[in-house]
Amino acid sequence: MAGDLTRLTAHELTDAYRGGEATPTRAVEAYLARIERLDGDLGAYLTLTRDTALAEARAADARYGKNAALGPLDGVPVALKDVLCAVGVRTTCGSRILETFVPPYDATVVTRLKAAGAVLLGKTNMDEFAMGSSTEHSAFKPTRNPWDLARVPGGSSGGSAAAVAADLAAVALGTDTGGSIRQPAAFCGLVGFKPTYGRVSRYGLVAFASSLDQIGPLAKDVRDCALLLSVIAGHDRRDATSLAAPVPDYAAALGGGARGLRIGVPREYFNEGVDPDVERSVRTAITVLRDLGATMAEISLPNTDYGIAVYYILAPAEASSNLARYDGVKYGLRVPGRDLIEMSGRTRAAGFGAEVKRRIMLGTYALSAGYYDAYYGRAQKVRTLVRRDFETAFANVDLIVAPTTPNVAFKHGEKEDPLSMYLNDVFTVPGNLAGIPAVSIRCGFSRDGLPIGLQLIGRPLEEATVLRAAYAYEQATPWLERRPGLT
Amino acid sequence: MIDRKDVEHVARLGRLALTEGELERMRGELAAILQYIEKLRAVDVEGVEPTSHAVPVVNVMREDEVEPPGDHETMMGNAPDRSGEFFRVPRIIED
Amino acid sequence: MSDAALATTNWEIVIGLEVHAQLLTRSKMFCGCPTTFGAAPNTQTCPVCQGMPGVLPVVNRRAVEFGLRTALAFNCQINPRCRFARKHYYYPDMPKNYQISQYEEPLAEHGWLEIDRPDGTSRRIGIQRLHLEEDVGKLIHEGTLETAQASLVDFNRAGVPLMETVSKPELRSPEEAAEYLRAFRAVLVYLGVCDGNMEEGSLRCDANVSLRRPGAREFGTKVEIKNMNSFRNVQRALEFEVQRQARALEAGEPIVQETRLWDADRGYTRSMRSKEYAHDYRYFPEPDLTPLVLEPAGIAAIRAALLELPRARRQRFVSEYGLPAYDATVLTQSRALAEYFESAVREFPNPKVVSNWIMSELLREIPGDDERAIQACRVTPQRLIGLLRLIENATISGKIAKDVFDRMLRSGEAADTIVQREGLTQVADAGALAAIVDQVLAANPKPVEDYRRGKTAAAKALVGLVMKATQGKANPALVNQLLEEKLSDARGGRL
Ligand SMILES: [Mg+2]
Ligand SMILES: [Zn+2]
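In order, the protein sequences belong to chains A, B and C.
For the first sequence, position 298 (counting from the first letter as 1) is numbered 298 according to the numbering used here, and the numbering increases by one without interruption.
For the second sequence, position 11 (counting from the first letter as 1) is numbered 11 according to the numbering used here, and the numbering increases by one without interruption.
For the third sequence, position 243 (counting from the first letter as 1) is numbered 243 according to the numbering used here, and the numbering increases by one without interruption.
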């Protein structure tokens, strides 16, 4: 049954380990074999940690064998977006400039995964420095969508999403700065969660836009998502912006149901830009939630339309600063030059791809003398208005329901023009600007069989409420039965 | 709007040795994006506080305690060029 | 007319100082790496202070406390809310190519520092702002910066806490600037927030210099002077620069706004390649750090804990102990020394004597501004008093006492322990001494003869001989007295 092991969720897998029907080693071998067979076409992984994975699996075997203390993810094969540092494992951020970088330290989430007994399978592909929505902007290769190889898996966490959707990992971590977990989750039919800003430590996450970045789970179902979130969430003294609030057992809280929840439906998220298939599925999902006992109310988030403009000032500005350190002096690529300025200028020109250079230029411009107030300063104020929209809404509702994306997965090369690519994040960006938790779950399929994402957005630190509603919906619908036609 | 000189200045500030072609393409793309961003001018932000942190946390500090520094060889392990215990860089000309 | 005269008569000198002080914390500003000076290159770094991908800074609480302490000592207004900001420019000694500093919301503003002038009056120099930031690494050029084909980078110093303090442009002469720096340093050393070592770079000073016609409202074009690494160099550099500008202005040449390096060996300032066009630091609030909201209660606590500052203490030493101004200045150069003096005087209420012993003996062995050395000194104030009491009750002579002091320094023993063991007490018993005097007189007929012939000077020689006979332990006063008697008897006998 080795082949089938890769079809299981993390919680099914650990049950199988406990029941003795499977061992971590057999699971890891099954995953490695499947990666061997399929990842050539898919391009989900940049680095495989085969040997350490097998070693960790054997250690987990032993723990199950002499029923020693077990971690919540003991023996579960996990994939990491290649923006998260793990000691001794090449961490490229999908960029030439970090092609050779080997971090001497573990990201806090990696430390926590290891402590939970998880087995690291490898590092997954991504848009360079998490800038993109299609994983076409990796310096190394594009990643393909398991539901249709001609289409993108979304991005920037496309490698992690494709890996889980194609059963090349049980669960994975991604990062979400403007939708980079939720949008690929929607395109690949997964559960993808962006926690409250500060809920998960960013220490060891290679920064793109520091005030927006959050790490979160990509999983096959809501229970796995909750399990993984419980492991990675919590305060970290190494991240001054991480929150001290205690971490509930998210998995234990799933059963609460949707009854009594007041759920808001934001007018602005159902505009003419939304694909009819997407709108239909989301409207149907809303009726399902009502049938589950939630009370639905139309609400307004009037500043939604400004989200993308705000985001494309703030994120590039912070990125232009965060990426200044890549200068060929301390690590990564160095292109020789007659003097330091030529060396670092050439290194950066050759080491960064077009999209990254574009955003460095945009962000540098927005911060430069004479423009700060007009761009960065104003954007920060409009960000306040976007935040207030949610605060006002959450005075009357517990959750907000909306499409994750206006459309389903698009074809490779379909969105050449940067701006049209940016606009794909219109429904996910506001959550990052407000720093609030949001999940994307599967809520149906388009005419041509592509998954559609439903977004549930909650109050700060109310991850449990979001997951509870998501779980109730998942249990009430048949969507998880369908699988991508990969063999 | 953004002209060629601005683009060259910004490329210098951002330490990017861009080619002629890149500079020209960049000018057009930045212009288009900035054009889109113009919509923010319409927003009334009179008296609105800027948001630089999504969560209202203050005064996070660490105690003044020494932690063992990283192992020297490990910390130098990624150096593209080194001379003994130092990182080595080509001739510095004041920018 | 001399340049110096030119500068002072035709022009008003306008100087502002920008001082960077390394704070005496154990760990760095944003990571746990040690701050100790002089370790092997790149051995005091971690992923954070090397600016590796993915790392995050966390503020050192003690650095903030030191900043607040200094701000209050400089009479600054503490900003109720302050924030760190990123300052961007490319330089290989700065791992992230931005410096975490403070910009629009510094720790404190609007303070002042009182300085004394040669004529005995004093003057308040305004302090514009005080903020915290991180230091950069060290560059070693293979040759000079201009000729080097390559440079080497050591990040040990990168991330060490710095406190930057900017004075208002209110200093009116190079002497005044040097005096400001001295007073500034005294406060920092006194508060224990900086060791004040300019040679090692713990205290670094840049200056903005301009000239204007006396009474003119607007400032002249200012020139920034860097690389003045001692008080003397600050004054020399500023004197040179003032005269250079005066000469230029008198010749009708415009002053170029630029940065000039002081060359101590050649004694002149030379222009650095102007990088004005590139000065666009693109500051924005550091998103990885939370704002600091400084509660009045916390600030009050620090103010309450503030110690008496050097200047006030110096004045008190003169008024309360009647010390000469010179003594007071020497004794207040560090908190440890001033406290040493005061605890000694508390039990031995003869301030001048204590002051003399500290200045002539203690400071011969220990630098007066070395807090640690003074606190560690084996001759504690109590031990010093023990020694002074032995002199007071004539157990030992002042001369012997000096040797005893040296032994106390080496052995750490109490004065009387040493005096007893070595048998250094003065022979103060008249009878015992009389016998020795007789022996000396008997053994030395020649000087006795001379004395009788009226050469009173001969008495001196005899005193010396008696002291020699007692290895200096005789009480000199008593020896004189005995000789007087015996010799005069002798003379009288003759008549
Ligand atoms: Mg500074
Ligand atoms: Zn460090």
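Heads up, some of the hints might be wrong.
[As the list claims (entries may be wrong)] Restricting the straight-line Cα-Cα distance to at most 20 Å, the calculated cross-link-like pairs of lysine to any residue (SDA-like) are:
| no. | chain 1 | residue 1 | chain 2 | residue 2 |
| --- | --- | --- | --- | --- |
| 1 | C | Lys222 | C | Arg172 |
| 2 | C | Lys87 | C | Glu105 |
| 3 | B | Lys5 | A | Ala369 |
| 4 | C | Lys138 | B | Glu46 |
| 5 | A | Lys415 | B | Arg25 |
| 6 | C | Lys138 | B | Arg25 |
| 7 | C | Lys168 | C | Lys138 |
| 8 | B | Lys39 | A | Gly65 |
| 9 | B | Lys39 | A | Ile341 |
| 10 | A | Lys381 | B | Lys5 |
| 11 | C | Lys222 | C | Gly201 |
| 12 | A | Lys114 | A | Gly65 |
| 13 | C | Lys468 | C | Gly454 |
| 14 | C | Lys138 | A | Asp339 |
| 15 | A | Lys415 | B | Arg41 |
| 16 | B | Lys39 | A | Leu385 |
| 17 | A | Lys381 | C | Gln439 |
| 18 | C | Lys222 | C | Glu146 |
| 19 | A | Lys381 | B | Glu29 |
| 20 | B | Lys39 | A | Arg26 |
| 21 | C | Lys87 | A | Ala369 |
| 22 | C | Lys222 | C | Glu250 |
| 23 | C | Lys460 | C | Lys486 |
| 24 | A | Lys381 | B | Leu40 |
| 25 | C | Lys138 | B | Arg41 |
| 26 | C | Lys352 | C | Pro324 |
| 27 | A | Lys381 | B | Ser83 |
| 28 | C | Lys226 | B | Ile92 |
| 29 | C | Lys402 | C | Gln439 |
| 30 | A | Lys381 | B | Arg41 |
| 31 | B | Lys39 | B | His53 |
| 32 | C | Lys473 | C | Asp403 |
| 33 | C | Lys138 | A | Ile341 |
| 34 | A | Lys415 | B | Tyr36 |
| 35 | A | Lys114 | A | Arg37 |
| 36 | A | Lys415 | B | Ala32 |
| 37 | C | Lys87 | A | Thr384 |
[As the list claims (entries may be wrong)] Covered stretches of chain C, as calculated for chain A (at least 3 residues, CB under 8 Å):
| no. | stretch |
| --- | --- |
| 38 | 49-60 |
| 39 | 83-95 |
| 40 | 255-268 |
It is worth saying that the hints were derived from the structure and are not from the lab.
For clarity, every value in this text was computed on a predicted model and none was experimentally measured.
Ideal placement from N, C-alpha and C gives every residue a C-beta, glycine not left out.
Comparing the hints with the structure gives:
Distance restraint check for Lys222 (chain C) and Arg172 (chain C): the Cα-Cα separation of roughly 14 Å lies within the 20 Å cut-off, and the hinted pair is therefore satisfied. Only pairs whose Cα atoms come within 20 Å are accepted, and Lys87 (chain C) paired with Glu105 (chain C) is accepted, the gap being roughly 13 Å. Distance hint between Lys5 (chain B) and Ala369 (chain A) is fulfilled; the C-alpha atoms sit about 15 Å from each other, no more than 20 Å. Restraint check: the Cα-Cα separation between Lys138 (chain C) and Glu46 (chain B) comes to about 46 Å, which exceeds 20 Å; the hinted pair is violated.
At most 20 Å may separate the alpha-carbon atoms for a hinted pair to count; Lys415 (chain A) and Arg25 (chain B) meet this at roughly 17 Å. Between Lys138 (chain C) and Arg25 (chain B) the CA atoms are separated by roughly 39 Å; this puts the pair beyond 20 Å, and the hint is violated. A distance of roughly 29 Å separates the Cα atoms of Lys168 (chain C) and Lys138 (chain C); the hinted pair therefore is violated under the 20 Å criterion. Restraint check: the Cα-Cα separation between Lys39 (chain B) and Gly65 (chain A) comes to about 62 Å, which exceeds 20 Å; the hinted pair is violated.
Taken as a hint, the Lys39 (chain B) and Ile341 (chain A) pair is broken in the structure, with Cα atoms around 37 Å apart against an allowance of 20 Å. Annotation: proposed proximity of Lys381 (chain A) to Lys5 (chain B) is violated, straight-line Cα distance about 29 Å (limit 20 Å). Annotation: proposed proximity of Lys222 (chain C) to Gly201 (chain C) is violated, straight-line Cα distance about 25 Å (limit 20 Å). Straight-line distance between C-alpha atoms of Lys114 (chain A) and Gly65 (chain A) comes to about 19 Å, which keeps the hinted pair within the 20 Å bound.
Restraint check: the Cα-Cα separation between Lys468 (chain C) and Gly454 (chain C) comes to about 24 Å, which exceeds 20 Å; the hinted pair is violated. At most 20 Å may separate the alpha-carbon atoms for a hinted pair to count; Lys138 (chain C) and Asp339 (chain A) meet this at roughly 18 Å. For the given pair, Lys415 (chain A) sits about 27 Å from Arg41 (chain B) by alpha-carbon distance, which is inconsistent with the 20 Å threshold. Pair hint Lys39 (chain B) plus Leu385 (chain A) holds up; C-alpha atoms about 15 Å apart against a cutoff of 20 Å.
For a cut-off of 20 Å, the pair hint linking Lys381 (chain A) to Gln439 (chain C) is broken: about 102 Å separates their Cα positions. A distance of roughly 25 Å separates the Cα atoms of Lys222 (chain C) and Glu146 (chain C); the hinted pair therefore is violated under the 20 Å criterion. At most 20 Å may separate the alpha-carbon atoms for a hinted pair to count; Lys381 (chain A) and Glu29 (chain B) exceed this at roughly 25 Å. With a C-alpha separation of about 56 Å, the suggested pairing of Lys39 (chain B) with Arg26 (chain A) is violated against the 20 Å cut-off.
Using a Cα cut-off of 20 Å, the hinted pair Lys87 (chain C) and Ala369 (chain A) holds, with the two alpha carbons roughly 12 Å apart. For the proposed pair Lys222 (chain C) and Glu250 (chain C), the alpha carbon gap of about 16 Å is at most 20 Å, so the pair holds. The suggested pairing of Lys460 (chain C) with Lys486 (chain C) holds, with an alpha-carbon distance near 14 Å, which does not exceed 20 Å. Between Lys381 (chain A) and Leu40 (chain B), the direct Cα distance comes to roughly 10 Å. Compliance with the 20 Å bound is thereby established for this hinted pair.
For the suggested pair Lys138 (chain C) and Arg41 (chain B), the alpha carbons sit about 45 Å apart, so the restraint of at most 20 Å is broken. Between the alpha carbons of Lys352 (chain C) and Pro324 (chain C) the distance comes to roughly 9 Å, so the proposed pair stays at or under 20 Å and holds. Proximity of Lys381 (chain A) to Ser83 (chain B) is assessed by CA-CA distance (about 48 Å); at most 20 Å being required, the pair is judged violated. The suggested pairing of Lys226 (chain C) with Ile92 (chain B) holds, with an alpha-carbon distance near 18 Å, which does not exceed 20 Å.
Between the alpha carbons of Lys402 (chain C) and Gln439 (chain C) the distance comes to roughly 29 Å, so the proposed pair goes past 20 Å and is violated. Using a Cα cut-off of 20 Å, the hinted pair Lys381 (chain A) and Arg41 (chain B) holds, with the two alpha carbons roughly 11 Å apart. Annotation: proposed proximity of Lys39 (chain B) to His53 (chain B) is violated, straight-line Cα distance about 23 Å (limit 20 Å). With a CA separation close to 13 Å, the supplied pair Lys473 (chain C) and Asp403 (chain C) stays within the 20 Å bound.
Distance restraint check for Lys138 (chain C) and Ile341 (chain A): the Cα-Cα separation of roughly 18 Å lies within the 20 Å cut-off, and the hinted pair is therefore satisfied. Our distance criterion of 20 Å between C-alpha atoms is met by Lys415 (chain A) and Tyr36 (chain B), whose separation comes to about 17 Å. Between Lys114 (chain A) and Arg37 (chain A) the alpha-carbon distance is near 27 Å, which puts this suggested pair outside the 20 Å criterion. For the suggested pair Lys415 (chain A) and Ala32 (chain B), the alpha carbons sit about 15 Å apart, so the restraint of at most 20 Å is met.
Of the supplied pair hints, the one linking Lys87 (chain C) and Thr384 (chain A) is violated, its CA atoms being roughly 24 Å apart against a limit of 20 Å. With 10 residues having a beta carbon nearer than 8 Å to a beta carbon of chain A, the stretch 49-60 of chain C meets the requirement of three or more and the stated coverage holds. Note: the stretch 83-95 of chain C has 5 residues with beta-carbon separation from chain A under 8 Å; the three-residue rule is met and the coverage holds. Counting residues of the stretch 255-268 of chain C whose CB lies closer than 8 Å to any CB of chain A gives 0, so the stated coverage by that chain is violated, three being the minimum.
In summary, the numbered hints that this structure violates are 4, 6, 7, 8, 9, 10, 11, 13, 15, 17, 18, 19, 20, 25, 27, 29, 31, 35, 37, 40.
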